[in-house]
Every structure is written in structure tokens, then in C-alpha cells.
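2 protein chains.
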Amino acid sequence: MIDMETYVYPDKKDWKALLQRPTFDTVTLQEKVKAVLNDVQQNGDAAIKKYIVQFDGVELGVFAVTGKEIEEAKAELSNELKEAIQIAANNIHTFHNKQVGEVEMIETMPGIKCWRKSVGIEKVGLYIPGGTAPLFSTILMLGIPASIAGCKQVVLCSPPDKEGKLHPAILFAANLVGINRIYKIGGVQAIAAMAYGTETIDQVYKIFGPGNQYVTCAKQLVQQQGIAIDMPAGPSEVCVLADETANAGFVAADLLSQAEHGADSQVLLVSTNEQLINDVNKELDKQVQLLHRKETALQALQHSKAIVVNNIDEAIDLVNEYAAEHLIISCEQDEVIAERIINAGSIFLGNYSPESVGDYASGTNHTLPTNGFAKAYSGVSVDSFVKKITYQKLTKEGLNNIGATVELMAAAEGLDAHKNAVSIRLKNL
Amino acid sequence: MIDMETYVYPDKKDWKALLQRPTFDTVTLQEKVKAVLNDVQQNGDAAIKKYIVQFDGVELGVFAVTGKEIEEAKAELSNELKEAIQIAANNIHTFHNKQVGEVEMIETMPGIKCWRKSVGIEKVGLYIPGGTAPLFSTILMLGIPASIAGCKQVVLCSPPDKEGKLHPAILFAANLVGINRIYKIGGVQAIAAMAYGTETIDQVYKIFGPGNQYVTCAKQLVQQQGIAIDMPAGPSEVCVLADETANAGFVAADLLSQAEHGADSQVLLVSTNEQLINDVNKELDKQVQLLHRKETALQALQHSKAIVVNNIDEAIDLVNEYAAEHLIISCEQDEVIAERIINAGSIFLGNYSPESVGDYASGTNHTLPTNGFAKAYSGVSVDSFVKKITYQKLTKEGLNNIGATVELMAAAEGLDAHKNAVSIRLKNL
Chain G
141 MIDMETYVYP
151 DKKDWKALLQ
161 RPTFDTVTLQ
171 EKVKAVLNDV
181 QQNGDAAIKK
191 YIVQFDGVEL
201 GVFAVTGKEI
211 EEAKAELSNE
221 LKEAIQIAAN
231 NIHTFHNKQV
241 GEVEMIETMP
251 GIKCWRKSVG
261 IEKVGLYIPG
271 GTAPLFSTIL
281 MLGIPASIAG
291 CKQVVLCSPP
301 DKEGKLHPAI
311 LFAANLVGIN
321 RIYKIGGVQA
331 IAAMAYGTET
341 IDQVYKIFGP
351 GNQYVTCAKQ
361 LVQQQGIAID
371 MPAGPSEVCV
381 LADETANAGF
391 VAADLLSQAE
401 HGADSQVLLV
411 STNEQLINDV
421 NKELDKQVQL
431 LHRKETALQA
441 LQHSKAIVVN
451 NIDEAIDLVN
461 EYAAEHLIIS
471 CEQDEVIAER
481 IINAGSIFLG
491 NYSPESVGDY
501 ASGTNHTLPT
511 NGFAKAYSGV
521 SVDSFVKKIT
531 YQKLTKEGLN
541 NIGATVELMA
551 AAEGLDAHKN
561 AVSIRLKNL
Chain F
141 MIDMETYVYP
151 DKKDWKALLQ
161 RPTFDTVTLQ
171 EKVKAVLNDV
181 QQNGDAAIKK
191 YIVQFDGVEL
201 GVFAVTGKEI
211 EEAKAELSNE
221 LKEAIQIAAN
231 NIHTFHNKQV
241 GEVEMIETMP
251 GIKCWRKSVG
261 IEKVGLYIPG
271 GTAPLFSTIL
281 MLGIPASIAG
291 CKQVVLCSPP
301 DKEGKLHPAI
311 LFAANLVGIN
321 RIYKIGGVQA
331 IAAMAYGTET
341 IDQVYKIFGP
351 GNQYVTCAKQ
361 LVQQQGIAID
371 MPAGPSEVCV
381 LADETANAGF
391 VAADLLSQAE
401 HGADSQVLLV
411 STNEQLINDV
421 NKELDKQVQL
431 LHRKETALQA
441 LQHSKAIVVN
451 NIDEAIDLVN
461 EYAAEHLIIS
471 CEQDEVIAER
481 IINAGSIFLG
491 NYSPESVGDY
501 ASGTNHTLPT
511 NGFAKAYSGV
521 SVDSFVKKIT
531 YQKLTKEGLN
541 NIGATVELMA
551 AAEGLDAHKN
561 AVSIRLKNL
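The listed protein sequences correspond, in order, to chains G and F. Everything in the first sequence is counted per this note's numbering, starting at 141 for the first residue and increasing by one. Everything in the second sequence is counted per this note's numbering, starting at 141 for the first residue and increasing by one.
Calculated directly from the structure, the hints in this document are not laboratory data. Some hints here could point you the wrong way.
Repeated chains share a single entry, so a pair holds when one copy, or any two copies, can fit it.
Said to hold, decoys possible - Pairs of lysine-lysine, DSSO-like flavour, derived with a Cα cap of 30 Å:
#  : residue 1 : residue 2
1  : K528      : K156
2  : K422      : K238
3  : K156      : K302
4  : K426      : K214
5  : K292      : K156
6  : K222      : K567
7  : K253      : K222
8  : K528      : K263
9  : K536      : K222
10 : K253      : K528
11 : K222      : K153
Bear in mind that the values here come from a model prediction, so they are computed numbers and not experimental data.
Can you make the complete structure from the sequences, with help from the hints?
As C-alpha cells, then:
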């Protein structure tokens, strides 16, 4: 019988400890990861070939996926799956395409025009893990905003299987979103290849995508060297906030869809109703038996938590303190509650919005801040793939209007030359 | 006689080496910085008091600035300077206020509504260096977007002088933008206080602001621990792209306004016209003599570079490769050229838009990506102070429309429970 660890009316002062995520020690990984990074930086493709043999157990002559492989992948996939991927891609495109900002010229004073323009980051790299599940959905979530942003070079790296191949759905999705630089490289060596460049792979300016602890550590290390990354990483997590109108079967299904991700997945149920938690436990027990990834889900559920709170105000405070990656609000007053949430990655409202629709196909992005990072970070969007450059152009009149202000402020900061750059022009008007 | 190191028609293959920034070794600082961070994390206010004695040479009973000190600062500043700061604040507010995104509801398919909302980061910290110049302008550049974003708690830390005071312009500017948690704490101990919290200072989720190498290193280290930071830092820099229509005196003044920042400031002049470079050298020689910070400017100019290129296309390529923090385009075709710039922090067009107007008062932000980071990073804006939360709500019809798509994709990724979260609801429709 599954019994989530349940806390009834915990004291507010204990929340922080209660909501603590497990800490992961990446420091002990650092030496190993640094060695691979340095090796690839110095020895390029040769080092990568060596690590593919070592970690993926296959010898590759070339890393780049060929057009022939793409065609084979298209032929291999069922039409149903191809159509499903296309529908998801359409929705993701529709949602993200509205994130493109327009240039607006602002005249802050007469003769002073300022504006801001989004420009796609020229070179970006996407990392897609291999392993037990081929995460082709993540290709849509990263490739579509990259394409909308106007990134000129998009590189994709993913580890080859024992036959030296990538899953056909990965190739199909990459091709669908217009990525034509696909390399069969995984792990730390993929991050190194994209961060430093090699004979075959162009260096990129920003690296996106999920990965295991080694990949995460490698992304952290190259970030310190000036390569931007999407966001810091941690295990995936869901928080369900449910009242008596929630359906226990639906809630259990949502918790399990998170739990199956990995043994370290975080699952949290917050409710004003203790009976609901009992009902959810029963449903978990029933539903988990049928899962292929039952063992993984059970492991994750072992450290899951259910918290009973006194009222909805307390629930909202608790949820804001936790700052969940995914927050499902299965409450009668879902929209009113959502207005009061300030910390969350993505929010799913009502009984018919399971997290998995957002994971795949509704249109929102599934690359979201975990580990409480939602307090300061956003999920991936078109914004993640652009820089915003500011511009200004002053007429003589504009400089005349603002000149004295700048001179005074520069002098007060003790910066003469800043002042002079204005004065020399004012004299020339 | 000043002679910028001049490169005439350098070969494209040599650009990367030519445009290389000096590298700073923060690794050797890390042990010292970590010791201070850990001490503050463990010993809170007591550790901070100790470091203020050690580094600032003053003993402080309380760190927090009082209302009385604010009133004194207001009385002490000249009316002219107060008015100048107010004018600058108005322009900065006008420009940044347009960066607030509106919520747009998007129906990606019938019954599937998705939207995105900007929410201010609840707790942010601003660091304002002390030292030779009181950078009150940076308070406007950080405090105004924080206020527009709706950040609820804004903490400001700045090192006290030998009398245990902050410069009145710093207090005036902070008060003007509505910051009421001002602490006389500088250096690594300030970053630690904001990152971890102490008895008097609340922990924040994101830290902004410039600083010396110790502060930069501290920000990097707390970033690894999950505290967000504004952007990676490096010495300030300007690139001037000038043709024969540029005014050599203006160009020299702009180069000097960068050079006076610090001995490590980066100054680059790119031109299609060799004569202009000779004229600028003469002007530099003349203008530098009059500066209070002449020695600093001369040091910076020693490693400045002037590059003569064959034509404007080559100039644009070179400037994009450099990715300057500030780019001044003093060319007849300034707007046409600006359209082709893809890497820069902020761009100043024409002969009457010196960098210093953007540094203080035109309205654009002066916290910008240095060190080539403009290839992947934007300057500070209202975006920097918000997270964008996504939302979705499906009706039964919506789930019916997308359900099969999600089921197919989840199954193909081998994630049963993701599929079940949809299936259990579809059965219930």
C-alpha cells in the first residue's frame, strides 16, 4: 500500500525544512567533468571519438547525421506519430510566435529617440539526452523558439545507441523544426564540443537542454567560462494543489506522470482536505501497478509528500514558498488562486489540464525551472533565444535638451571625460 | 604623444586573436572569496561587522541607513543635481515602462487556452560599489526597472566610507526610486548577506550590479548555489565605428570617457579611414591632459586598438565578431549599418549620441554585457526583474481535441503514466 509521507497542518516555521529539495553534490563530479572538457578543448574530434567508444560503446567514423538517415527515419515512423508531432509543433509554434516583441520607438525627450530590438542569438546548441526515453518532444520545445527567434546556426547533439544511431523520432522532429546540424554525440563531450568547437562542430554561444548530473555539471562549468546556458537544472517536479472538488484518480495520475520520470523526481500534494489524500493514496496504489516504469515511480513516491493545510490562503503561501516547476491547481476557484501564485514555472488549471498536455502538445514550453529556481527564473521561451539590443539617436536639439543633465551627473560621479564627451559636442552645436 | 596600437587591413583569420579580451583569473580569488561567503553564511551579522572593520576601516553599530540619514542627504545635495537625477529618472522610467508585456490569451486549439504573465521577482538585491566614484546612476538603472517589474523587496548594499557613511547622491537616488532597505555593506560580505540572509538582511533570489573582481567572483559562486545574477561581468568597453564623416574630437572624447573608467577598460576604434585615426590620436593627446583621471585613462589607452578596414562590410563583420558592450556608429549611413549589427549591448547612432548620454540620462539602461557576452546576453531591462509564468486551461472539448496526440507522443517516449494522465480523463468525459 502506497502512503505518501503526510504532514497535517505543519507549522509555518517548519515549511522551509519540509519543502527542502535534496541537494546534489556536483563538486565531486567536477574533476571528472573538467578532464573531459579540457580533453575535447585540446584534442577536438579525436577526443570525442574516444569518449563515444568509452561511454556509448560504439565507434563512429562521422558524427554528423546524413540526409539519408533523415529519410530513413521518416520512412520508419508511423503516420499517426508523425501527425501527432506535427499537431504538437503547430500548437507550440502558435503559442511561441506571439512572444516576438515589436520594435517600438520611444522619444524620451524631444530629439532623443530610444528603441530596443530582439536579435536571435547567432549560434545555439541543443542537447537532447538519450537513455531510456527518446525525448523528441524537447526538440520541438527548443527548436521551435530558436527558429522563431531567428537563430542562424542551431546545432543538436544527442548520444548514439549501440548501433551508432539516433532514434527516428529524434531525427524526424529535428528535421521538422529545420535543424540540419545534428551530431551523434552525448554527455560531457557534447557540451564541450558545442562550447569550444571542434574540427567538425562550430562553437555556439548558448547551450540548452536537459541532461544527467554530468551534463548539468558540464553546463555549469562552461557557463563560468562565458558560454550562456538556458537555466540551472534539478530533478523534475510537480505540485498538485487540490480541494474537495478534485478527482482523486486524476490527481494520482498526475503525480505518477511526474514520478515515472526518475527516482529523484519530486512529487508534492497540497490540500485543504485530508480525505482527498487518502483517496489519492488508494488511486496511486491501483494505477502504479500497471506502469512499465513502476519501479522508478515507486522510488520517487517514497520521498513524495502530502501536506494538509488549514485553508486556501495557507495553501497559496506554501505553494509560493515551494516554487514548483509544474503546479496543477485542481480547485473550484482555480483562476482566482492562480492570480495569487507568484512562484511557479508553469500552471495547469482545473480538472482537464494534466501536466502531460503541456509536456507535449498544448503549446506552452516544457523546459521549466526546477528546484525552486522559479523564484527567479522563467521557463524557456523565444526570449531565451534572443538578445535585446538597445539603440539611441539624438538630434542636436536632443543633446541640447539633455546635455546639462549629463554634465552635472558625470561631474558628481567624478567622471570628467564622460562630461567632456557631451561638452565638446554642445560647444559645436 | 598617444598612439593607439594600430592595425591596418588585418587579415580576417587574425581577427579573433586581435579582438581577444584580456582573461581574468578568478580561480585564484575563489578560496579567499569562499572563506568570506562561508563565514557570513554561518555567522551572519557578526561576520559582516568584522569584515567592515577589516575592509572598510570603520566600526558600524547598525548597517541599515536611517530615515534621518536620507533627509540629511536630501538637504546636502544641490538642487541642480537633484533636478538632474530626477530628469534622468523620468527618462529611464519612460523607456523601461514600455517593456512591460501584456497578458495575451492564446487559444492554440478549440478549448485549449494558454497564456503567459510577467511576475516581479519577489526579492532582489542591488550592489552599488563605492570606491573612487559614487555610482548613483546605477541605482536608477537597477531600481527603476525593479520598481516597474513589481519586485516587492528591493535591498541595496554599498560600502561605507571611513566615516561609516554612504554618499548623499546614493541615498537620494535610492530614496527617489523607492528603495527603503539600504545597508552600508560592501564587497563579498554584501553578496553573501543578500545570497544567504542574516539576522538583519533578508535573503534575495537575484543579485544585480557591478563590482570589482572579488564581488564578481562572489556573484559567480553564489550563482552556482542557485542565486540568480544579472549577467557575467568584465571590464567596461566601447567600440567606435567611424567613417570620414566622423568628428575626430568627438570620437576621442568618447574613447576617453571609456578609458577613464579603469586601467582595464577596453577601447576600440574601427574605421575605413586611416587619416581619421591619426586625427583621433592627436585629439586624444590634447584632451587627456585635462582629465582628473588622466593616469587611469592613459593606462587604458596603452592597450587600446585602432583597426583600419577595407570597407564598411568588413567593418560590420569585425564589429559583430567583437560584440561590444557599447557601440558608437559615427558614420553617414549609421542607421543602415545599425540594421546589420547582430552583436552589441547598446548602440549609439550619429555624431550627437555620445555613450555618456546613455550612461546617465537618455533612458536606456547602462548595465550591459561586456567581454563579448553581447553575443548571448542582453543588458538589464524590466525583463531582468520578472519571471514569466505560463498557464493553461483546457475544457473537456480541448482535452478531447488534443488527447490522442498526447497519448501517441507519450507512448513513443515510453512514458505510460504521462499517457494515463490523459486517458483517465478521456474515459471520464
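Do the hints match the structure? See the list:
1. K528 with K156: Classified as between: cross-chain Cα gap 24 Å, same-chain 36 Å, threshold 30 Å.
2. K422 with K238: So K422 and K238 fail the 30 Å test inside a copy (42 Å) and across (51 Å) alike.
3. K156 with K302: neither (45 Å within a copy, 39 Å between copies)
4. K426 with K214: neither (38 Å within a copy, 69 Å between copies)
5. K292 with K156: between (44 Å within a copy, 20 Å between copies)
6. K222 with K567: Answer is between; shortest inter-copy Cα gap is 24 Å, intra-copy 68 Å.
7. K253 with K222: Between copies only: 24 Å across, 48 Å inside.
8. K528 with K263: both (15 Å within a copy, 24 Å between copies)
9. K536 with K222: between (59 Å within a copy, 25 Å between copies)
10. K253 with K528: Classified as both: same-chain Cα gap 16 Å, cross-chain 28 Å, threshold 30 Å.
11. K222 with K153: neither (51 Å within a copy, 44 Å between copies)
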